[in-house]
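Protein chains: 2
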Amino acid sequence: MPVGTQATVKGLSQRDLWDDLHARIILGNTYHLFLRPGHELIGRLGGLHRFMSWPGAILTDSGGYQVFSLSGLRKIADEGVTFQSHLDGDTHKFTPASTVDVQLAFGSDIMMVLDECPAYPVSHEYARVSMHRTVRWAEEAFGHYRQRIQNAPTRNALFPIVQGSMFPELRRECAERLFELDADGYAIGGLSVGEPRPLSLEMVEASEPFLPRERPRYAMGVGMPHELAEYVARGVDMMDCVLPSRNARNGWLFTSEGRVVIKHARYREDAAPLDPGCGCYTCRNYSRAYLRHLFQAGEILFASLATRHNLQRYLDIMGEIRQSILGGRFPLYLNSIRNSAAQDRGAAV
Amino acid sequence: MPVGTQATVKGLSQRDLWDDLHARIILGNTYHLFLRPGHELIGRLGGLHRFMSWPGAILTDSGGYQVFSLSGLRKIADEGVTFQSHLDGDTHKFTPASTVDVQLAFGSDIMMVLDECPAYPVSHEYARVSMHRTVRWAEEAFGHYRQRIQNAPTRNALFPIVQGSMFPELRRECAERLFELDADGYAIGGLSVGEPRPLSLEMVEASEPFLPRERPRYAMGVGMPHELAEYVARGVDMMDCVLPSRNARNGWLFTSEGRVVIKHARYREDAAPLDPGCGCYTCRNYSRAYLRHLFQAGEILFASLATRHNLQRYLDIMGEIRQSILGGRFPLYLNSIRNSAAQDRGAAV
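Listed in order, the protein sequences are those of chains R and S.
Residue numbers for the first sequence follow our numbering, so the first one is -10 and each next one is one higher.
Residue numbers for the second sequence follow our numbering, so the first one is -10 and each next one is one higher.
Source of the hints: derived by calculation from the structure; they are not laboratory data.
Careful: at least some of the hints might be erroneous.
No copy labels: a pair is met if it fits in one copy or bridges any two.
To be verified - Derived DSBU-like pairs: lysine-lysine, alpha-carbon spacing no greater than 35 Å straight-line:
{"#": "1", "residue 1": "Lys64", "residue 2": "Lys252"}
{"#": "2", "residue 1": "Lys82", "residue 2": "Lys64"}
{"#": "3", "residue 1": "Lys252", "residue 2": "Lys(-1)"}
Using the sequences plus the hints, can you model the full thing?
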């Protein structure tokens, strides 16, 4: 899922996303949209889809992650979290119920429960207390959500989030507790917070067997291109990550032949497309030399063309994975990815 | 002509320009492209059209204007101008012949001769000496150009530039001297350098009668939306201006109902399109409230959507002018523009 933090995937129009990239679901950030322009305004204007003119599905996070990573002073209590806006220092409070209300105002197709996402590393004791709080918050969120939709059946789904830091038994306990909520889908959170990458995969492995097989599982905030198949191999159906779009803006491009750091002098007169194996608008129309020029000149068009390509690359990989599963070839596919990742490590095009 | 300074109209893809806006000619800046990525590189990569993947026509200026407005220390001599790059302080020299060579390497469809564009105001004496230098440079540029294309007939055109600051008799003398070059078209330069707007129009009036009627005339660096018809009324066929694109990025939008300064709180919950009378992608898909949100949040997509609209507005106006001329209604059209401009002065939507 491309990440559209502030009701826009940075640098792309909704047409680029829908018609060209065939993205069908994008992510919005509750923390950002709550602060600006505000969920009430978005609600009055017909919801987030209409506000941003997006014909597809929208998943919004609960805002918890940004409260912990972006906001100023914050205070966690049993009933929720109080925090200062990173924009103007104003104090706000998120509770399990209030973040459901905010996301209902957005009209999100998939909403997330408020959770605490601990930093890495934390003590077992902190992780345990925090995980129990996350479970309690999830129960409260579901209680509130089911009350709110009782008389106004909606098509929104609400996903709880498995936490437990890097302790497999806490992950397992959390998953077992959340299982009882009978949710439409389950997220695995607390990944990509600074831990070594093998540990992220281990935590997915520790959670997955205790989540219902027939419901979608969503690994939050992962991963690098060669890791996507690893998550799928561990039962993950959905992922979101800022890497393709953020790295694009920084000139770090993912291609079917490895990474391209476009500022390198080797691309100065390179008339080849960024990725000869890619069919995106950028690769069909522009050379590496032109992209490098735009990057060096600080031109907006670079961000747009680079993001387009990187998202296409991620969506292509997910398409390959899907085809290999449908064709019964996923183990072979996974092996080929592992082999080429081992070869590519440290190598650029 | 939309301005594509560094081989890109800021924020727009070539598809946006060609397919959506139906722009058929854009402008590139010789000074910027000479410094980065360099005309030799662009030449080796097949010329500017191919480099930037632009299927339409390209006009490049001579670089003179930027030498005078952007570069550091500069020294004008009879044979050309020596200047320091605003990027790295390196010293370069432009001569009438070298700027033709640079533009031939670009493969520009319309090239401009090196000229001196004096600041405003300057003394009559300075303006006279400078104008004579500009005429001499134009003669040298044409001599060199005709020699270069002798054995390699090209489809490039070279336009000389009428200067003379704000002195009508110098404008007339300059136009008469340049007439003798029998050029494919003529530019009127030295406008929009800080002079009162009526003076710009006066200088066009002073030059126009002495330029050949059957050749295109190009007023450089103008103007505001309500001024376009005024220039056309004075015999101008071509204009370029950074206003639609630069103002767009600053949140200043031109609509058929007047200007919209998008940051104003009045647009906070405005669900209407930016310009209900406009058919551009932005107006077809997004509300003023969404555009304001993108602007306030500093999102790249704002620059792209706003530029799209402002350029559409300018191209729509030029289309209206063309239709009114073809239909024999131009005097009526001009009158209506003058009336609504008088009403709008100082008023916003």
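Here is what the structure says about each hint:
| no. | hint | in the structure |
| --- | --- | --- |
| 1 | Lys64 / Lys252 | between (42 Å within a copy, 33 Å between copies) |
| 2 | Lys82 / Lys64 | within (9 Å within a copy, 62 Å between copies) |
| 3 | Lys252 / Lys(-1) | both (20 Å within a copy, 19 Å between copies) |
Comparing the model with each earlier hint shows no violations; every hint is respected.
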